[in-house]
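Asker: Generate the whole structure from the sequences, applying the supplied hints.
Numbering (the numbering used here), first residue to last: 140 to 408.
Treat the hints as calculated values from the structure; they're not laboratory data.
Keep in mind that a hint or two might mislead.
As the list claims (entries may be wrong) - Within a straight-line C-alpha distance of at most 27 Å, the following computed BS3-like cross-link-like pairs (lysine-lysine) qualify:
| id | residue 1 | residue 2 |
| --- | --- | --- |
| 1 | K289 | K220 |
| 2 | K220 | K352 |
| 3 | K264 | K192 |
| 4 | K192 | K160 |
| 5 | K366 | K160 |
| 6 | K343 | K267 |
| 7 | K192 | K267 |
| 8 | K337 | K408 |
| 9 | K343 | K391 |
| 10 | K264 | K289 |
| 11 | K343 | K291 |
| 12 | K163 | K220 |
| 13 | K343 | K192 |
| 14 | K267 | K291 |
| 15 | K380 | K408 |
| 16 | K366 | K220 |
| 17 | K163 | K192 |
| 18 | K391 | K380 |
| 19 | K291 | K391 |
| 20 | K291 | K408 |
| 21 | K337 | K380 |
| 22 | K352 | K192 |
| 23 | K337 | K352 |
| 24 | K337 | K289 |
| 25 | K192 | K220 |
| 26 | K380 | K343 |
Claimed, not checked - Just the calculated beta-carbon pair ranges, DEER-fashion:
| id | residue 1 | residue 2 | range |
| --- | --- | --- | --- |
| 27 | S373 | N189 | 31 to 39 Å |
| 28 | S154 | P225 | 38 to 46 Å |
| 29 | Q262 | K380 | 40 to 48 Å |
Positions of the beta carbon are idealized from the N, C-alpha and C atoms, including for glycine.
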Amino acid sequence: MPELPEVETTRRGISPHMVGKQIKTATVFDARLRWPVSPEVAQLSGLTINDIKRRGKYLLFDVGTGHLIWHLGMSGSMRIKPADEPNLYHEHIEVEMQDGVTLTYRDPRRFGACLFTAEDPLQHKLIKHLGPEPLGDEFNSDYLFAVCRKRKVPIKNLIMNSQVVVGVGNIYASESLFRAGIRPGRAASRLSRVMCEKLVDCIKQVLAQAIEKGGTTLQDFTRSDGKPGYFSQSLQVYGNKGDCFTCGTPIKHITQAQRSSYYCPTCQK
DNA sequence: CCCTGAACCTGACCGC
DNA sequence: TGCGGTCAGGTTCAGG
140 MPELPEVETT RRGISPHMVG KQIKTATVFD ARLRWPVSPE VAQLSGLTIN DIKRRGKYLL
200 FDVGTGHLIW HLGMSGSMRI KPADEPNLYH EHIEVEMQDG VTLTYRDPRR FGACLFTAED
260 PLQHKLIKHL GPEPLGDEFN SDYLFAVCRK RKVPIKNLIM NSQVVVGVGN IYASESLFRA
320 GIRPGRAASR LSRVMCEKLV DCIKQVLAQA IEKGGTTLQD FTRSDGKPGY FSQSLQVYGN
380 KGDCFTCGTP IKHITQAQRS SYYCPTCQK
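Answerer: What follows is the structure in structure tokens.
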């Protein structure tokens with residue numbers, strides 16, 4: 140479900156309900172996520188959530204004594220549960236604040252993670268080696284071009300590699316490449332400087348627009364307030380089994396690195 | 001260091 | 001209806 144825009148949408152949605160408040164109780168109904176949920180998570184009572192930050196697709200909850208490093212995996216989502224509404228199936232973690240506001244984490248496939256660390260979260264094994272944020276200045280055409288020089292992998296695989304740049308998932312990789320006019324299968328080393336400029340611009344644009352629209356709802360992604368994200372309506376190629384909206388050529392659907400890619404063989408070179 | 005493929009899970013959907 | 005196969009928004013890890 141979640142790529143960077145969905146994670147950021149989640150962060151913005153839950154922050155006003157959580158930040159600056161004290162935790163009443165945190166309950167772990169099922170600790171079997173990607174890795175076992177840290178035991179500290181069940182003992183957050185009395186701690187205050189000072190801030191909720193994001194690094195790539197990881198949410199970082201500052202609880203004073205340390206941080207929760209929370210990843211939504213493929214199917215994870217968070218919502219503020221209306222009072223006296225029963226829990227849904229697969230809601231594995233719940234955090235109730237002193238004022239009664241309750242956050243629930245649902246994750247049918249359990250690829251997500253919820254870990255506690257008392258150290259600097261940015262130095263954590265999972266975070267430390269992440270590439271630059273796509274919307275920051277560090278991610279620019281000079282950087283991408285330099286990285287591309289040494290790589291023979293298809294450009295789509297490269298931009299989905301979180302060591303290169305974080306936050307670009309399967310949907311937005313296809314969408315960005317379409318907007319940049321570059322085929323997903325093109326070897327990274329065969330991108331010109333101009334192509335890199337174009338691609339960086341398009342990645343930033345697509346992600347920024349998706350955040351503005353509250354993310355992309357395909358099957359079950361909903362924002363923390365239960366509403367869908369509206370970027371689905373802006374998708375040009377991802378999931379398009381018909382013709383290119385721009386030129387009418389049938390959209391190609393291929394598999395790269397075990398993931399679906401969509402592109403227009405006419406618009407993309 | 002770079003790259004590939006398997007693995008981790010459940011559920012939805014499609015064709016027979 | 002039921003059953004089997006396929007696919008799904010991510011990431012780590014082992015091994016070549």
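Asker: Against this structure, judge whether each hint is valid.
Answerer: Hint check:
Taking the CA atoms of K289 and K220, the gap is near 48 Å; set against the 27 Å cutoff, the hint is violated. For a cut-off of 27 Å, the pair hint linking K220 to K352 stands: about 22 Å separates their Cα positions. For the hint pairing K264 with K192, the CA-to-CA distance comes to about 17 Å; that is within 27 Å, so the pair holds. Using a Cα cut-off of 27 Å, the hinted pair K192 and K160 holds, with the two alpha carbons roughly 15 Å apart.
With a CA separation close to 24 Å, the supplied pair K366 and K160 stays within the 27 Å bound. For the proposed pair K343 and K267, the alpha carbon gap of about 22 Å is at most 27 Å, so the pair holds. Among the hinted pairs, K192 with K267 is consistent with the structure: their alpha-carbon atoms are about 15 Å apart, no more than 27 Å. Proximity of K337 to K408 is assessed by CA-CA distance (about 13 Å); at most 27 Å being required, the pair is judged to hold.
For the hint pairing K343 with K391, the CA-to-CA distance comes to about 24 Å; that is within 27 Å, so the pair holds. Using a Cα cut-off of 27 Å, the hinted pair K264 and K289 holds, with the two alpha carbons roughly 25 Å apart. Between the alpha carbons of K343 and K291 the distance comes to roughly 23 Å, so the proposed pair stays at or under 27 Å and holds. Taking the CA atoms of K163 and K220, the gap is about 15 Å. The hint holds against a cut of 27 Å.
Proximity of K343 to K192 is assessed by CA-CA distance (about 19 Å); at most 27 Å being required, the pair is judged to hold. For the suggested pair K267 and K291, the alpha carbons sit about 25 Å apart, so the restraint of at most 27 Å is met. A distance of roughly 19 Å separates the Cα atoms of K380 and K408; the hinted pair therefore holds under the 27 Å criterion. Between K366 and K220 the CA atoms are separated by roughly 13 Å; this keeps the pair inside 27 Å, and the hint holds.
Of the supplied pair hints, the one linking K163 and K192 holds, its CA atoms being roughly 21 Å apart against a limit of 27 Å. In summary, the hint linking K391 to K380 is supported, as the alpha carbons are separated by about 8 Å, within the 27 Å threshold. Proposed proximity of K291 and K391 is supported: the alpha carbons are some 22 Å apart, at most 27 Å. About 17 Å separates the Cα atoms of K291 and K408, which keeps this hinted pair within 27 Å; it holds.
A threshold of 27 Å between alpha carbons decides the hint, and for K337 with K380 the separation of about 26 Å falls inside it, so the pair holds. Restraint check: the Cα-Cα separation between K352 and K192 comes to about 20 Å, which is no more than 27 Å; the hinted pair holds. Using a Cα cut-off of 27 Å, the hinted pair K337 and K352 holds, with the two alpha carbons roughly 22 Å apart. Restraint check for K337 and K289: satisfied, since their Cα atoms lie roughly 19 Å apart, inside the 27 Å limit.
Proximity of K192 to K220 is assessed by CA-CA distance (about 21 Å); at most 27 Å being required, the pair is judged to hold. Restraint check for K380 and K343: the C-alpha separation of about 25 Å stays at or below 27 Å, so the hint holds. Checking the proposed 31 to 39 Å range against S373 and N189 shows it holds: the Cβ atoms sit about 35 Å from each other. The hint said 38 to 46 Å for the Cβ distance between S154 and P225, and at roughly 25 Å that hint is violated.
For Q262 and K380, the hinted distance range of 40 to 48 Å is satisfied, since their beta carbons lie about 44 Å from each other.
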